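K.L.:
Sequence:
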Amino acid sequence: NAYGVSAHQLMFKLNFYSLLYLGSGLLYLGEVPAFLAFVGRNPMVVKDIALFCVLSSLGQNFIFMTVTSFGSLVCSLVTTTRKFFTIVFSVILFGNRLASQQWLGVVLVFAGLLIEGVAKRKSSAKPVAEAKKEA
Numbered sequence: 001n002a003y004g005v006s007a008h009q010l011m012f013k014l015n016f017y018s019l020l021y022l023g024s025g026l027l028y029l030g031e032v033p034a035f036l037a038f039v040g041r042n043p044m045v046v047k048d049i050a051l052f053c054v055l056s057s058l059g060q061n062f063i064f065m066t067v068t069s070f071g072s073l074v075c076s077l078v079t080t081t082r083k084f085f086t087i088v089f090s091v092i093l094f095g096n097r098l099a100s101q102q103w104l105g106v107v108l109v110f111a112g113l114l115i116e117g118v119a120k121r122k123s124s125a126k127p128v129a130e131a132k133k134e135a
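Residue 104 in this note's numbering is what sits at position 104 of the sequence shown, and the numbering runs on without skipping anything.
What the hints contain is simulated information worked out from the structure, not anything from laboratory work. Please read all numbers here as calculations on a predicted model, not as lab measurements. A virtual CB, placed ideally from N, CA and C, is assigned to each residue, including glycine. Heads up, a few of these hints could be off.
The following label-pair restraints were derived from C-beta to C-beta distances [to be verified]: (1) F35 <-> G117: 42 to 52 Å; (2) I87 <-> L58: 20 to 30 Å; (3) V88 <-> L19: 33 to 43 Å; (4) V39 <-> W103: 35 to 45 Å; (5) G95 <-> V45: 24 to 34 Å; (6) E116 <-> V39: 21 to 31 Å; (7) V88 <-> V54: 36 to 46 Å; (8) L98 <-> G4: 41 to 51 Å.
Here are the simulated SDA-like pairs of lysine to any residue, each with C-alpha atoms no more than 20 Å apart in a straight line [what the hints assert, rightly or not]: (9) K13 <-> S24; (10) K13 <-> L29; (11) K13 <-> G30; (12) K120 <-> V109; (13) K13 <-> G23; (14) K83 <-> S57; (15) K13 <-> V67; (16) K13 <-> L58; (17) K120 <-> T79; (18) K83 <-> M65; (19) K47 <-> A37; (20) K83 <-> V67; (21) K83 <-> F52; (22) K122 <-> S57; (23) K120 <-> L73; (24) K83 <-> E116; (25) K120 <-> V74; (26) K122 <-> A111; (27) K13 <-> I63; (28) K47 <-> I63; (29) K83 <-> K122; (30) K83 <-> G71; (31) K83 <-> T66; (32) K83 <-> L55; (33) K83 <-> S100; (34) K120 <-> T66; (35) K13 <-> S57; (36) K122 <-> F110; (37) K120 <-> V78; (38) K83 <-> Q60; (39) K83 <-> R97; (40) K13 <-> M65.
Kindly generate the complete structure, drawing on both the sequences and the hints.
P.N.:
Shown next, in the form of structure tokens:
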């Protein structure tokens with residue numbers, strides 16, 4: 001806000017310049033005709049692309065709101081937890097199999113989240129206990 005730019009203006013400009021950068025890369029590499037041919041053969045994909053764009057924008061807003069309201073640590077915890085549950089639900093609902101090393105990774109992520117949650121709860125409980133001692 002020191003430069004008079006709102007959060008949504010910043011996100012818009014960042015996405016706009018990303019579009020210019022990636023669009024020029026697509027033009028340079030000659031991928032645009034292949035994309036247009038694909039869309040011509042599969043017109044239903046336009047609906048999926050539009051839905052992806054809308055949901056990505058909403059997700060970006062939710063991430064921004066989480067960071068500004070709760071901080072980057074909570075945002076990283078939410079993101080990691082979401083990925084963890086995506087993997088677990090993928091195994092349960094769709095029958096995807098994980099190798100033993102992948103299961104080890106899932107267990108380590110869960111343990112890390114649990115340890116971080118306990119540590120955060122202990123650190124937030126200390127100031128409350130100290131405030132009660134002083135009162």
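K.L.:
Can the restraint linking K13 and G23 be considered satisfied, given a maximum Cα separation of 20 Å?
P.N.:
Answer holds: K13 to G23 is near 15 Å, not above 20 Å.
K.L.:
Would you mind confirming whether the straight-line C-alpha gap from K83 to F52 stays at or under 20 Å?
P.N.:
holds, 18 Å
K.L.:
Mind checking the alpha carbons of K13 and G30 for me, to see if they're no more than 20 Å apart?
P.N.:
Roughly 25 Å separates the two Cα atoms, so the pair is violated.
K.L.:
Measuring from beta carbon to beta carbon, are E116 and V39 in 21 to 31 Å?
P.N.:
violated, 44 Å
K.L.:
K83 and Q60 were given as a pair; does the straight-line alpha-carbon distance stay at or below 20 Å?
P.N.:
holds, 16 Å
K.L.:
Do the beta carbons of G95 and V45 sit within 24 to 34 Å of each other?
P.N.:
Given range 24 to 34 Å: holds, Cβ gap about 27 Å.
K.L.:
Does S100 sit within 20 Å of K83, going by the straight-line distance between their CA atoms?
P.N.:
holds, 18 Å
K.L.:
Does L73 lie within 20 Å of K120 when you go C-alpha to C-alpha?
P.N.:
The given pair, whose Cα atoms are some 10 Å apart, holds under the 20 Å limit.
K.L.:
Quick one, are K13 and S24 close enough, alpha carbons at most 20 Å?
P.N.:
Holds - the C-alpha atoms of S24 and K13 are around 16 Å apart, at most 20 Å.
K.L.:
Taking only the CA atoms, is the gap from K120 to V74 under or equal to 20 Å?
P.N.:
holds, 10 Å
K.L.:
Does the Cβ-Cβ separation between I87 and L58 fall within 20 to 30 Å?
P.N.:
holds, 23 Å
K.L.:
Holds or violated: K83 and T66, Cα atoms, limit 20 Å.
P.N.:
holds, 16 Å
Of the numbered hints given earlier, the model fails hints 6, 7, 10, 11, 22, 28 and 29; all others are met.
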